[in-house]
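Participant: Fit chain to chain and form the complex, with the hints in mind.
Line by line, the protein sequences give chains A and B. Numbering of the first sequence is given in our numbering, commencing with residue 2 and proceeding in unit increments. Numbering of the second sequence is given in our numbering, commencing with residue 205 and proceeding in unit increments.
Check before you lean on any hint, since a few could be wrong.
What the hints assert, rightly or not - Okay, derived cross-link-like pairs now, DMTMM-like style, lysine to aspartate or glutamate, Cα gap no bigger than 25 Å in a straight line:
#1 B:Lys252 to B:Asp303
#2 B:Lys252 to A:Glu32
#3 B:Lys252 to B:Asp219
#4 B:Lys266 to A:Glu15
#5 B:Lys266 to B:Glu220
As the list claims (entries may be wrong) - Beta-carbon label-pair distances, calculated as ranges:
#6 B:Gln275 to A:Thr41: 29 to 39 Å
#7 A:Ser48 to B:Val348: 48 to 58 Å
#8 B:Asp351 to A:Gln19: 56 to 66 Å
#9 A:Glu21 to B:Glu282: 37 to 47 Å
These are computed hints drawn from the structure, not numbers from a lab. Bear in mind that the values here come from a model prediction, so they are computed numbers and not experimental data. All C-beta atoms in this analysis are idealised placements derived from N, C-alpha and C, irrespective of residue type, glycine included.
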Amino acid sequence: MTDSQQEYEFTCPECGQQFEVNGGMRDALLERGCPVCTSTVPNDAFSAAMT
Amino acid sequence: MSLDQQTELSSDAIDELLARHETGVLTLARSDEPYAIPISYGYDPESKRFYLRLVSTPESEKRQFLTSSPQARLVIYEEAGRTYRSVIAEGTLNQVDPDEMTVEHIVQYGDAKRPLFEIWGETKRNLDIQLFELDAETLSGREVVVDEDEE
Numbered sequence: 002m003t004d005s006q007q008e009y010e011f012t013c014p015e016c017g018q019q020f021e022v023n024g025g026m027r028d029a030l031l032e033r034g035c036p037v038c039t040s041t042v043p044n045d046a047f048s049a050a051m052t
Numbered sequence: 205m206s207l208d209q210q211t212e213l214s215s216d217a218i219d220e221l222l223a224r225h226e227t228g229v230l231t232l233a234r235s236d237e238p239y240a241i242p243i244s245y246g247y248d249p250e251s252k253r254f255y256l257r258l259v260s261t262p263e264s265e266k267r268q269f270l271t272s273s274p275q276a277r278l279v280i281y282e283e284a285g286r287t288y289r290s291v292i293a294e295g296t297l298n299q300v301d302p303d304e305m306t307v308e309h310i311v312q313y314g315d316a317k318r319p320l321f322e323i324w325g326e327t328k329r330n331l332d333i334q335l336f337e338l339d340a341e342t343l344s345g346r347e348v349v350v351d352e353d354e355e
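Only chain B is shown next, with the shape it has when bound in the complex (with noise of 0.2 Å):
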């Protein structure tokens, strides 16, 4: 398989692609240990800001990982055909307090519907969920198109 061309997504290519989606892999780092893990995901294009909701236990290895405001990478892909693309997200993720809630959490927060809560068989009211923000200090995408004769 050979790459035929890559390039670098502009900014509105990344904002059209981060809109399509709504989910991705969160990484987070202690020391050397990594801690890589699937989100769902709202954002908002005019202030690069990614609203994340969070289901963890208090013995959980995720809570171990989200002590203050660790840096993380958020990475979100898709394939079409013979196009990869990617966009990743750098920056510092921050707990929302439910007491400083505005409207426009409420209505990012709407758009990020999953994970399926019934996974965790647990009732809504059994789980510790957290709401974060990641402001993105650096938002970078990428496309490769695979040469359609090589493989």
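Next comes chain A alone, as it looks inside the complex (with noise of 0.2 Å):
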């Protein structure tokens, strides 16, 4: 589990999306792929988010 008030920036690998995420986001995209484009999320398509 992560930390649910963590933000990251997603960048998917295969289709280049970008958005913020939450730790709870982070798991669910870890678990269930990218939203946009279906492909797996590897762990370093997280970064910190710039706040």
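Facilitator: In structure tokens, the structure reads:
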């Protein structure tokens, strides 16, 4: 599990889609894949969000 | 062929049929011009909301029908022996902004894995993939059983 309050920048390595996610969304992306293109999401698709 | 029995599906039976399937036919219209396409969907029975993923290009016919939250119908059907069932959802199609994505969106779009992008002959990065929600304002289902002795 990840910190649900932590913000990340998600970038899909397949379709290039980017959006900010929290910890819960990060977990869901790792489990379910990219909602836009359906590709599997690896751990390195996330970086710390700029605040 | 005669119709032996035709009944309306209950709300639970509609939800069960929609859970059994992941593809249907989405129909849009512009003036008197119809447009129907096969789509994949995720479905949340609590909110009666469908989650759709549509692929288009700037010049595509599909794009022309997707402007400004159009009214749409979604048809899902199945055939099992002599029993035919169909569900029709009608409502407004709204585009989902990726910046407003939620955990629920990610889960529901994870359940809508098709279509296979390979058929487009393009890498995913070159495709314009848009996410939509269809809130079913009306949702109806029907079951028809065809008489065994008559064809």
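Participant: Does each hint hold? Answer for all of them.
Facilitator: So, going through the hints one by one against the coordinates:
no., hint, verdict
1, B:Lys252 to B:Asp303, "holds (23 Å)"
2, B:Lys252 to A:Glu32, "holds (24 Å)"
3, B:Lys252 to B:Asp219, "holds (9 Å)"
4, B:Lys266 to A:Glu15, "holds (23 Å)"
5, B:Lys266 to B:Glu220, "violated (30 Å)"
6, B:Gln275 to A:Thr41: 29 to 39 Å, "holds (35 Å)"
7, A:Ser48 to B:Val348: 48 to 58 Å, "holds (54 Å)"
8, B:Asp351 to A:Gln19: 56 to 66 Å, "holds (57 Å)"
9, A:Glu21 to B:Glu282: 37 to 47 Å, "holds (40 Å)"
The structure fails to meet hint 5 from the earlier list, while all remaining hints are met.
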